[in-house]
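Chain A is already provided as a structure; the job is to place chain B on it using the hints.
Below, each chain spelled out in residue letters.
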Amino acid sequence: MSALAVTALSKSFGGLRVNTNVSLTVEPGERRLIIGPNGAGKTTLFNLITGELRPDSGAIRLFDRDITRVASRKRAHLGMARTYQIITLFPRDTILRNAMLALLGLSPMRWNPLVALHRQSHLLDAARAALRRVGLDRIADRPLAQTSYGEKRRVEIAMALAQNPKVLLLDEPFAGLSIDERRDVRELLVAIPRDVTIVMIEHDMDTALDLADRITLLHFGEVIVEGTRAEVVADPRTREVYLGE
Amino acid sequence: MIGRRIAIAVAILALIAVPYAITEAYYVNIASQILLYAIFALGLNVLVGYAGLVSLGHAGLFGVASYAVASLLAAGFGHSVAILSALAIGLVFTAGFAALSLRATGIGFIMITLALGEILWGLAYRWISLTNGDNGVNVSTRPMPFGIALTSASAFYDTTLVIFLAAVAAVAIFVRSPFGAALAGARDQPRRMNALGYHVWMIRFGAFMFSGLLTAVAGILFVYYNQFISPQTLALTASAEALLMVISGGAGTLLGPIVGAGLVVIMKNVVSAYIVRWNFMLGAIFVAIVVFMPEGLVPGAARLFRTAVRAMSRAKPAPAAGRKP
Chain A
1 MSALAVTALS KSFGGLRVNT NVSLTVEPGE RRLIIGPNGA GKTTLFNLIT GELRPDSGAI
61 RLFDRDITRV ASRKRAHLGM ARTYQIITLF PRDTILRNAM LALLGLSPMR WNPLVALHRQ
121 SHLLDAARAA LRRVGLDRIA DRPLAQTSYG EKRRVEIAMA LAQNPKVLLL DEPFAGLSID
181 ERRDVRELLV AIPRDVTIVM IEHDMDTALD LADRITLLHF GEVIVEGTRA EVVADPRTRE
241 VYLGE
Chain B
1 MIGRRIAIAV AILALIAVPY AITEAYYVNI ASQILLYAIF ALGLNVLVGY AGLVSLGHAG
61 LFGVASYAVA SLLAAGFGHS VAILSALAIG LVFTAGFAAL SLRATGIGFI MITLALGEIL
121 WGLAYRWISL TNGDNGVNVS TRPMPFGIAL TSASAFYDTT LVIFLAAVAA VAIFVRSPFG
181 AALAGARDQP RRMNALGYHV WMIRFGAFMF SGLLTAVAGI LFVYYNQFIS PQTLALTASA
241 EALLMVISGG AGTLLGPIVG AGLVVIMKNV VSAYIVRWNF MLGAIFVAIV VFMPEGLVPG
301 AARLFRTAVR AMSRAKPAPA AGRKP
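Chains as they are written, first to last, in this note's numbering: chain A, 1 to 245; chain B, 1 to 325.
Same shape as in the complex, but just chain A:
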C-alpha cells in the first residue's frame, strides 16, 4: 500500500496545460523530492494533491483511499498537511497562537464558542511541544510580525508537524533562507521520523538532494524522469531540462 498515489492527473487553466498525465507513487516513509524549472507545474500539483484545485482528470489516493473528490479541509483530517512556498501565517497573532490554530483545526473544539481558548492547557502544551520541535519554544509568545523570515519558515513547518500528519507536503521549505537557516531547517527535516511520508518541492538542489530517497522531475507539467537520487542526477534529460546544459 502506497502512502500517496497520483494517477494520470491533468489540470489546465484555460488553454494552458499545467499538469499533463502526471503519475507518481510515494511509499510510506519515503522522502520524495519534486524538482523542475519555474512554471513546471510543481505547486499546481501540490494544490491538486491537497484539494485546493480540482483536477480535470485523474485520481489521487491517500493510503489506498480515493480522495480525488474529497474536500480540501477533510484531507487535513485524513492525515495530509502542507506548507506554503509564500509564507501563509497569521500575522496578527503570536507564534504560539499560530501553532494552536494548527492543532485546533483537527480538534472538535474548533466549533466551541463558549470556552476560553487561552485556558485550554492541553492545547497550549501541545502547541509549545510542536514549537520545541523546531526550536521556537523560547520565543513562542512573540508576535509573528516581530519574527525573522527564517523563523516564519520554521513556524510553517511547526504548524504542519503539529497536526501529526501521515503525509507532509513541503513547498520550497528552503526558499529565501540564509545558509545558516538552511542548515537549521535541514536538520529539522532530517529529524522527522520515518512514519511521516514527505513530498518536497525544492529548487535548492545542494541542500535538498541528499534528503531525498527518490526524485521526480517535472517539465512543462509532465513527469520527465523519475528514479533514485543517483539515477535522476545521472539522467541526461535532467541535465537537459533542469540544469540547462
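Accuracy of the hints is not assured; some may be wrong.
[Stated by the list, open to error] Here are some chain A residues pointing at chain B (derived, C-beta under 10 Å):
hint: 1; residue: T43
hint: 2; residue: T50
hint: 3; residue: A71
hint: 4; residue: H77
hint: 5; residue: L89
hint: 6; residue: F90
hint: 7; residue: R97
hint: 8; residue: L101
hint: 9; residue: L114
hint: 10; residue: Q163
hint: 11; residue: A191
Keep in mind the hints are simulated off the structure, nothing from the lab.
Please read all numbers here as calculations on a predicted model, not as lab measurements.
Where a beta carbon is used, it is the ideal one built from N, C-alpha and C, also for glycine.
The following block gives chain B in isolation, referenced to the frame of chain A:
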C-alpha cells in the same frame, strides 16, 4: 487582571446609576437608545471586525425583527409570542442573507448584503397589506417582564441595560473562544485555515447567525422603545449608520462599537437640538477620526495613551545608577 475587573465593575455601576444621575426622561431615553444601538453595532461588529465581512444590509435584518413584533402584536398575539417569534424570524432571514451573501467576500459580499437589505426595505415600503407601507405600524404597549411595567423611561433603560450587558458578555466570550479564534483566522488567512482542516464557509455562517441574533435583539428593543416602526428603519442610511458606529469606534474591538453607538446617537439626538447642520458635524467628526485615528476611537485612544506614557517615562531621568545611558 484585578485592575481590569475593577474597571468593569465601575463601568457597570456607572451604567446602573445613569437614570439616577440624569433624571430627565428625555436623556434617559437617549441612554436607552445608545444601549440598544450598541447591541446592534456589537452584532454588526462580529461580521465587520472579527469575520472581516462588511455588511451593508443589517438594517434590513434589524427591521425584520421590529416588523415581526409589531405585526404579531397587531394580529393579537401576546408579547412573549411576538418576541420569541421575532427572534426566530430574524434568524431565518439571517440564514437566508448568509446563504446568499457568503458566496462572496470583499466587495462582492458588500454588494449582495446591500441588495438584500434594499429588497427588505422595498418590501416594507410596498407590501402595504403586511406593513402598512409608509404609514408604519404602531405598537401600543410594552411587555411586562416579571410583572415590571416598562412604561417609564428608567424601567425601560434598566431592561435594555440587562440585555446590553448580556450581549457584551456573549461577544466577549465568543471572541476568546476557539470558534472566535477560528473566525479571526478565516478572516486573516482563509486558504491556510481550509488547509488546516477548518470549514471556512461554515465558520462564517455561524458568525453571521450570531451577528443576526444580536441584530434581532436590538430590533426588538427598538420597536418597543419607539412603539412604532416604518420602512425608514430598514433604509440603506440606517445600515450605513450602524457601519459608521462600528468603524468610528473601532472594528474588531469589544468597546469600539459601543463608543461608536454613543457617538452617533448623541450627535443625532442631542447635538442636533443645538446645531441645525448636525449632519455636517457628524461628517466632520468622521473625517477627523479617519485622518487621526484610522483604526477607530477606542484603539486610537489606547495608542495615544501608550505613546503618552512612554513619553512621560522617557522624560524622567534614568534611575539606574552605574549604568551608562
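Structure-based check of all given hints:
no.: 1; hint: T43; result: violated, 13 Å
no.: 2; hint: T50; result: holds, 6 Å
no.: 3; hint: A71; result: holds, 8 Å
no.: 4; hint: H77; result: holds, 5 Å
no.: 5; hint: L89; result: holds, 7 Å
no.: 6; hint: F90; result: holds, 5 Å
no.: 7; hint: R97; result: holds, 7 Å
no.: 8; hint: L101; result: holds, 5 Å
no.: 9; hint: L114; result: holds, 6 Å
no.: 10; hint: Q163; result: holds, 7 Å
no.: 11; hint: A191; result: violated, 22 Å
Of the numbered hints given earlier, the model fails hints 1 and 11; all others are met.
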